[in-house]
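**Student:** What follows is each chain in one-letter form.
Number of protein chains: 2
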Amino acid sequence: MDDLVRTSAVEAAARLARRELSAERYVRAHLERIEEREPQVRAFVHIDAAGVLSAARALDGGPVRGLLHGLPIGVKDIFDTFDMPTQGGCLIYSGHQPAIDAACVALSRRAGALVLGKTVTAELATFAPNETRNPLDPAHTPGGSSSGSAAAVADGMLPLATGTQTWGSIIRPASFCGVVGFKPTYNLIPKKGVWNSADSLDTVGVFGRSVADAALFVAGMLDFRDLLVPGAPAVPRIGICRTLQWERAAAETKTALENASGKLAAAGAVVQDIALPGQYADLLRAQTTVALWETGHSYADECFRNSARLRKALFERCLEGYRIDPAEYQRAIALGRQCRAMLPDAFAGCDVLLAPAAAGEAPRGLDWTGDPLFNQVWTFLHTPCVAIPASHGPNGLPIGLQVVGRLDDDARTLHAAHWIERVLCDRAA
Amino acid sequence: MDDLVRTSAVEAAARLARRELSAERYVRAHLERIEEREPQVRAFVHIDAAGVLSAARALDGGPVRGLLHGLPIGVKDIFDTFDMPTQGGCLIYSGHQPAIDAACVALSRRAGALVLGKTVTAELATFAPNETRNPLDPAHTPGGSSSGSAAAVADGMLPLATGTQTWGSIIRPASFCGVVGFKPTYNLIPKKGVWNSADSLDTVGVFGRSVADAALFVAGMLDFRDLLVPGAPAVPRIGICRTLQWERAAAETKTALENASGKLAAAGAVVQDIALPGQYADLLRAQTTVALWETGHSYADECFRNSARLRKALFERCLEGYRIDPAEYQRAIALGRQCRAMLPDAFAGCDVLLAPAAAGEAPRGLDWTGDPLFNQVWTFLHTPCVAIPASHGPNGLPIGLQVVGRLDDDARTLHAAHWIERVLCDRAA
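Top line first, the protein sequences correspond to chains A and B. At position 392 of the first sequence the residue is numbered 392 (our numbering), and the sequence of numbers has no breaks. At position 192 of the second sequence the residue is numbered 1192 (our numbering), and the sequence of numbers has no breaks.
No lab work stands behind these hints: they were computed from the structure. Being a predicted model, the structure only gives us computed values, none of them experimental. Some hints here could point you the wrong way.
Computed spacing ranges between beta-carbons, pair by pair [claimed, not checked]:
hint	chain 1	residue 1	chain 2	residue 2	range
1	B	Glu1011	A	Glu131	15 to 23 angstroms
2	B	Pro1138	A	Ser54	34 to 42 angstroms
3	A	Leu319	B	Asp1345	37 to 45 angstroms
4	B	Arg1006	A	Asp282	44 to 52 angstroms
Short derived list, chain A residues pointing at chain B, Cβ under 10 angstroms [as the list claims (entries may be wrong)]:
hint	residue
5	His46
6	Phe224
7	Ser298
8	Phe315
9	His392
Note that the Cβ used here is the ideal one computed from N, Cα and C, for glycine as well.
Working from the sequences, and respecting the hints, build out all of it.
**Tutor:** Laid out in structure tokens, this is it:
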């Protein structure tokens, strides 16, 4: 494997900006990696090798564009791209070609990013998986719905890729593939041109192989330089949050969190146990109600006029959501709102919380993307979340933890996650 | 004028459901009204007379579909429609034909609504007006950005139409045209297929000529029957809210609110004055920051790759938003969040607040859609708002007030608005 495909995005960006590395050379390394590995991993639904090389040469011949100058990115196939089809993993949209880039894609290109290809999504960013396999073991799911993005970044086919989370579609595949996933505060990354699933939950985020890389991607996209991780981040106050789903975590996940707590305290962090307020007990169910009701209504035209090209499982799930009493939906929304307002107290003086990113390792099989139960509540609360690979399970696959930040506190969340990653992950030291 | 085009949607729907009125007859009455008035009003960008008549005949020959059976609706031209172009009042999207309906359009059709045409929007649902005139006086703006929807409903060209509000694009044109505008709680009506402008603010809503009609539209669309106004609504507790922009209200607006307060108390309502918390003082500025930052980022591809087909004023406004410090944007978002959490206290025991819907009458001229300053704060707070025509100004044009409800309390808000409308508006008695 070419070392370039394991170079961090931060390091590559620095070399690209200094013109020590050409964008063409860097892109070629990734195209070679894709050629070698894509038949097994199947992370992409569309690759534009000629187009990205041409764009890379144009960058090499012009001024440095921005923080993402020369970095190839993968774009989940529910983000509109003016120069590539956007098909949403769904037959209804087969061959669909948008005229305009999704806002965050256009912003990334403006900062110098090169869109290398579109990555596989579960059908319409829901639960019905498509063809991607976990690059660490092809018999296991990569998670979903941002399956291709997580797998491609994990496998060195790309340094960075975009994703969305409505249930657990960024943090869970990041955890299963052993990469960093960053779900910012709800609505921080603009959603224009990113296909809606459930408006109150849909959040755009990114994948990278380190916190610093993920932070660079969003910092470049939004020109939000406060997000960049500092060389010497402040030592964070960390709340260990076992969540109200703790009994459903695998033993290895419990061990990972307990071990992390000890390591972080030993490294100098103030670490305390955090119990979530009692009102949070119904949040998991409420998020499910909101996700189902909103998704069922969002896909009205897909279900009512185009159901022949929708998988039966998704069609039936939409009908289930469509049948939920709207008054029950509004009560669920109101509970989310109430619990969100309680977050400042729930953090109990901590900068961030540390919680499981998934129940355990990536499950075996490709017909299920795994359970989002450790993601749903945080998605509903709109908090920034950063998945970090923390250990390994009995199958040798990654166990992730997630750093959960305060609302609108994305910079501090990333900086704390970077500090935590350095303590927990040898590879990031 | 055919009386049918002044019949309420509630009355028409009842007659359509009883088969006393055919959908074809009802649609034809509106097409005739459009033929007569559209050259002056210019509310539509696309009308499909043959298509809607054919769909009406199909309805007449089949079972009653839902609450909206046989009602023709107008759809703002930023809502995708599978059978009509969606062009957003913007040259970039000239001729654009979506493949799939916006969710709320599909849901409306499923409930029996007939999409008669696409209504004029200001460019990309922002501030740059297009060709629509105020049907009450063509020298005056109808307001915007949902200009065509408000004007068409006011003029009897349609009983119902859709709109969106990011600054004040439903409540303000409703006030200027003398119709009812209903902006539900943020995200209640699904946004899929409705073009994004600013994610944290964009809210889908509707226009009708009475609260009962507007409520019927959303109740039918979402199959949310609790929204339908009851025959004998409870007497509401009403807070008179002069807002922190009171000194910028025209004298006639101030008088309208003061008079309303007296009439409502005389009719038996508990009426009290409400002062908004001091923290709300910066909300108007914060909403502006959020709207500009998010809009500037949403339209990245329009600005960076397609600016030749964007009006200069919008391009420059986007650049202005694009240049705002993201940390300042996040502080503005955080203030909105904090003030939203304070709303239960701000309501001080009232069911709804009553506030100005606009500074005054529709301004003269067609180059400006009027100031959204009495709408921005409520849009940011995500509250349900119902504009009601309450009186007239010195030019004989309408003065609107708005009923503001608690979050997620849309049914009670509509019921209270219906009670208030009956007291304030003779025509609705």
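**Student:** If I claimed the Cβ atoms of B/Arg1006 and A/Asp282 lie 44 to 52 angstroms apart, would that claim hold in this structure?
**Tutor:** Since the Cβ atoms of B/Arg1006 and A/Asp282 sit about 48 angstroms apart, the hinted range of 44 to 52 angstroms holds.
**Student:** A range of 15 to 23 angstroms was offered for this pair. Does it hold for the Cβ distance of B/Glu1011 and A/Glu131?
**Tutor:** For B/Glu1011 and A/Glu131 the Cβ distance comes to about 54 angstroms; the hint is violated.
**Student:** Has the hinted range 37 to 45 angstroms been met by the Cβ atoms of A/Leu319 and B/Asp1345?
**Tutor:** For B/Asp1345 against A/Leu319, whose Cβ atoms are near 40 angstroms apart, the range 37 to 45 angstroms holds.
**Student:** How about A/Ser298: closest beta carbon in chain B under 10 angstroms, or not?
**Tutor:** 4 angstroms, holds
**Student:** Hint A/His46 vs chain B: min CB-CB distance below 10 angstroms?
**Tutor:** 18 angstroms, violated
**Student:** Would the stated hint for A/Phe224 survive a check requiring a Cβ distance to chain B of less than 10 angstroms?
**Tutor:** Given a least distance of 4 angstroms, the restraint on A/Phe224 holds.
**Student:** Using 10 angstroms as the Cβ threshold, decide whether A/His392 counts as touching chain B.
**Tutor:** Given a least distance of 36 angstroms, the restraint on A/His392 is violated.
**Student:** Can the suggested window of 34 to 42 angstroms be confirmed for the beta-carbon pair B/Pro1138 and A/Ser54?
**Tutor:** At 52 angstroms between Cβs, range violated.
**Student:** Tell me if the interface restraint on A/Phe315 is satisfied: Cβ within less than 10 angstroms of some Cβ in chain B.
**Tutor:** 14 angstroms, violated
Checked against the numbered hints given earlier, this structure breaks hints 1, 2, 5, 8 and 9; the rest are met.
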